[in-house]
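Novice: Order-wise, the sequence lines are chains A and B. Read in order, the letters of the first sequence correspond to residues 1 to 190 in my numbering. Read in order, the letters of the second sequence correspond to residues 1 to 185 in my numbering.
Fair warning: there could be bad hints in the mix.
Stretch-level coverage of chain A by chain B, calculated; a stretch enters the list once three of its residues show a Cβ under 8 Å from a Cβ in chain B [as the list claims (entries may be wrong)]: (1) 23 to 32; (2) 48 to 60; (3) 97 to 108.
If you're looking for bench data, these hints aren't it; they were derived computationally from the structure. Note that the structure is predicted; figures quoted are calculated from it, not measured. The beta carbon of each residue, even a glycine, is placed where N, CA and C say it ideally should be.
Each chain is listed here by its residues.
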Amino acid sequence: MGIREVAREAYAEAAPALAASTVGGLFAGMVLGGMRAELRAVPGLLVLVPALLATRGNVYGAFGARLATGLHQGLVEPTLSLEDERIRNAVAAAMANGIIASVFAAFVAVLVLTLLARPAAPLTTLVGISIIAGLLSGIALTGAVLGVVFVGFRRGYNPDTLVGPLVTTTGDVFGMAFLLLAVRIVVGGP
Amino acid sequence: MPREWSITGIMRAMLPVLLALTVVEIGSGLVLDTFESVLLQHPSLLVLVPVTIGTAGNLGSILASRLSTSFHLGTLSFSPRDDELAGNAIATVTLALSLFPVVGAAAWVLSAVTTGTDLPLATVVLVALASGALLSILAVVVTLVATYAAWRLQLDPDDVVIPVVTNTCDVLGVLVLFGVVRVLV
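Using the sequences plus the hints, can you model the full thing?
Specialist: If you want it as structure tokens, here you go:
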């Protein structure tokens, strides 16, 4: 294949998934754009945003990839059942990893901001926001990944190619929406 | 390939990388924090933040996974005259050039509808396009370096390259956006 054919094929293959995740990113941006009051009220919140969004992608991307591999290997039955110990363990581990990483992010953010003598909200506020946001977006993303991977697999799609775009799109959307909700729960709001 | 299916086994495999990446992401959060006042002043730029970071990471991870597959199939060689390599790099830059102006326009429209916007449409489109063009070039460089390093260190590019590339591109996304905003706004 020549350069032109490779480029054309790579473009056509990537464009739909990339466009879909762009829509998710724009929605997340719209939520962030509407969060100016919260960002002013909770100094250091903006420092957490990239870490929290990336954690959703990293944790639930790995969760989806693990399920996909398990299905391909026949370790996980193609009918979704929470009695399957492997599925339960994968869900619990993803949830725990997501929440631990979110809380860790809050600690690091407060530590660095304090060292740099920049304004930071109290540690308890940022940790509280991280736990609630991690828990709620974790529940939503677990549901989305389980649903799409199992339904996709049974309908003959390769779950590996579904997981990436799904997680980047829904990770941004759920990540930002539940971050806003968590801020409102912890500090109150309009 | 995950073999361990116990809760602690899965957590032990993932958590160290996850925490390291979290520290890196806090770095990009600090950059955002330094230009928070500009972002709060211009909501349409705030709308651009997640989509710019995310798309940069996606461009890198798509390229990385394609190169990784070619690598496993044995059709990739690390030569600047390799068609596979050059074609994929061109596709990455072309994707960014065609996608980011639309992203800029959409960000402007969304903020105009929701919070109101004080920047002209052309400025936001230009910020998005310039950031996207720079980021796609950086994504190609980062992906090539990471894939080459994995190959030299005999690591499976699937395991290592994608998380490294995605998170590096996230950080670069914020840095590039910061630089472009400073120049153009």
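Novice: Tell me if chain B covers the segment 48 to 60 of chain A under the three-residue, 8 Å CB rule, please?
Specialist: holds (count 10)
Novice: Verify the coverage statement for the segment 23 to 32 of chain A against chain B, using a C-beta to C-beta distance below 8 Å and requiring 3 or more qualifying residues.
Specialist: holds (count 7)
Novice: If you count the residues of the segment 97 to 108 of chain A with a beta-carbon closer than 8 Å to a beta-carbon of chain B, do you get 3 or more?
Specialist: It holds, with 6 qualifying residues against the three required.
Going through the hint list in order, the structure satisfies each hint without exception.
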